[in-house]
Every structure is written in structure tokens, then in C-alpha cells.
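One-letter residues, chain by chain:
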Amino acid sequence: MLNKLLFTLLLVFTLPLAHAGEAVPTTDDPVLEKRVMAVADKLRCLVCQNQTIADSHAELAIDLKNQVREKLRQGQSEQQVLDYMVARYGDFVLFQPQVKSTTWLLWFGPFVFLGLGFVVLIAMLRKRRQLIQQAPGLSSEEHARAASLLAGTDK
Amino acid sequence: MNRFVLPLIIFFVLIIFLGVGLKLKPREVPSPLVGKMAPTFHLAQLHDASKTITPEELRGKVWLLNVWASWCVTCRQEHPLLVEMSRRNIVPIVGLNYKDKREDGVDWLQKLGNPYVLSAYDHEGTAGIDWGVYGVPETFVIDKAGIIRHKVIGAITPDVIQDKLIPLIKELNGA
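Here the protein sequences line up with chains A and B, keeping their order. Numbered as in my numbering, the first sequence ends at 155 without a single skipped number. Numbered as in my numbering, the second sequence ends at 175 without a single skipped number.
Just so you know, these hints were derived from the structure itself, not from any lab. Beta carbons: idealized from backbone N, C-alpha and C, even for Gly. Be careful, since some hints might not be right.
[What the hints assert, rightly or not] Pairwise CB distance ranges, derived in the manner of DEER restraints:
hint	chain 1	residue 1	chain 2	residue 2	range
1	A	Asp28	B	Val13	26 to 34 Å
2	A	Glu78	B	Gln45	35 to 43 Å
3	A	Val112	B	Pro7	49 to 57 Å
4	B	Lys164	A	Phe108	18 to 26 Å
5	B	Thr157	A	Ile122	53 to 61 Å
6	A	Thr103	B	Thr40	26 to 34 Å
7	B	Thr157	A	Thr103	29 to 37 Å
8	A	Lys100	B	Gln45	37 to 45 Å
9	B	Gln162	A	Asp28	51 to 59 Å
Bound-form chain A, shown alone (with noise of 0.2 Å):
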């Protein structure tokens, strides 16, 4: 039990280190290799959707990094290189949607809901409050048998 506890310790905190380096395409420049992963950082690889282009190792995401880094070499600037992905692959290649109409939901449904949650709660407080004030108080009777009950007398 013990050595199975230090063993999940021991995990935990080592976890952080075991980070493997990304494979990092050999540039002689590090300015422009910052700014090309800055850029994969915000695209979606479209053959493993829940990563970016920065993580992914598939062939795709390879290849549109070196586009990215080509365009960038141009002197392009990021967002240049973003609406290029962009009118190829569609708003999906982003990985952080935009914010506008078609998104308005998914920015903002969550604050909605939580919203209407609040709503649900506070009706349910103020109507439990009117029930507590609407029951009727204890007779006399009641009263000694409850204190009774509560004595430990009872019976």
C-alpha cells in the first residue's frame, strides 16, 4: 500500500520532466523558428483534430509548417499566414475559434446557462423561504412530545 502510494508520488512529480522536446526542424534561425511554431500553435492538424500542428508529428502537420515557415521567410506576417489556412482549410484549422456570429454560442452559451442556473436557484430559495413561512407552528402537545423525543424519554 505504502510503496504503491511513493510509487504515485513519485509519478506525479516526475511527470513534468518527462516532457519529450518537440522535433524541432533544424533552422539556422531561432527568431523565425519562434515565430513558425507561434503560428502551428494556433492551427488544428486536421488529420489529429485535438492538436495543433506545434504537437502533432503527422505528415500533414509537417508539411504545413514548413508552409508556414516559407510564407513567413517571404516576410508574410502571421495573420497573413493564418487567412491563408484559413481560405484553404476553413475557420476549423483554427485552433481557438473566432469570435463572431456563427460562434456567439459557443463564446457565450456557457455564461447563458450559468446564467439560467442562477435564475432556477434563486427561484427555488425564495419559494422554499415562503413554504418554511407558510407551515404551520407546532401545538403545545407536539412541542413536549418533540422534546421529549429529543431527551431520549420517549417511551
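Add chain B to chain A, keeping to what the hints say.
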């Protein structure tokens, strides 16, 4: 009685959402290129590296661009259908050999039949990226004006040919 109504409603709403969710195909990302001009490319031909091919050569015709590779298993599955389509002369099909070895591509067409009027060779996959290709096979329908009208993601099936491609091609040719 009343306290069962709300959970029942919630249950049915959930069932409807899950049912719709089952029908969704998250792998099929709709292409924003449908309805837009087909991206151009200048690529060497698969069979003859000294000759090039560009989509402009096909302007004025309705044609298909089929993206394939010899390493792609699903392409093998749809290949007989493409051969059949070309035999029936339904529409000119242009092949885009994607990230393949030239010999492998040529070899495959020799063995399995060549449904393509022309084959482009995209070794680096750059034309593929321009066309928004993210998996092979993919098939585009391009109209006479050079606008992409439809994209099939994944293998073509007899149903897709019968229900989608042939009516669309007829319509585009008639116009």
C-alpha cells in the same frame, strides 16, 4: 406524475442531441474552397517530368480532380470506380498524385488501370495544401469557369457517383 415530466423532456432532448451527434462526421471538414476559383498549380506530369500541367488547360470543361497516392489504402478501394467512370466517359478525370514516389505511382496505374486523362505529380504536397487537401483520397468537381463546385472527402462510392456526381456533372454541362 408531474415530477416525471421534466426528466422525461430532458431525456428526449438528450436523445435527440446524441442522435444528431451520431450522424455528424467530424472527419469531413467542409472545404471553404467550394464555390471559389480552383487554386492554380504548375506541376510536372507523372509520366513525363518534362511536361507540365495546370488547371487552366481544362478551362471550358467540367472535370474532376482526384487526389491519390499509391500508399493510400482507401485510394485502392475507390480506384475501380474511377476506372469505370472513365470507361463510361462520364467526365474527364485529372489525377493529382500526392506525396508519392514517381515509380510507385506509374507502377500502380499500370497494374490497376489508368482512369486519368492527365496525371500531375505533387511530390512535396504543396499543390495539395493550396487545394486544402488533408487526407487522400479527395475528389473535386470543377466547372467550366474553373470554379470548384463540390468536394468528396474520402473514397468515392457507387452511391456518391450515382446520386451526387453524375447529376451535378450533367447540370454543370447543361448550363
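Outcome of the hint check:
no., hint, result
1, A/Asp28 / B/Val13: 26 to 34 Å, "violated, 57 Å"
2, A/Glu78 / B/Gln45: 35 to 43 Å, "holds, 36 Å"
3, A/Val112 / B/Pro7: 49 to 57 Å, "violated, 22 Å"
4, B/Lys164 / A/Phe108: 18 to 26 Å, "violated, 37 Å"
5, B/Thr157 / A/Ile122: 53 to 61 Å, "holds, 55 Å"
6, A/Thr103 / B/Thr40: 26 to 34 Å, "holds, 32 Å"
7, B/Thr157 / A/Thr103: 29 to 37 Å, "holds, 33 Å"
8, A/Lys100 / B/Gln45: 37 to 45 Å, "holds, 42 Å"
9, B/Gln162 / A/Asp28: 51 to 59 Å, "holds, 55 Å"
The structure does not agree with the numbered hints 1, 3 and 4 stated previously, though it agrees with the rest.
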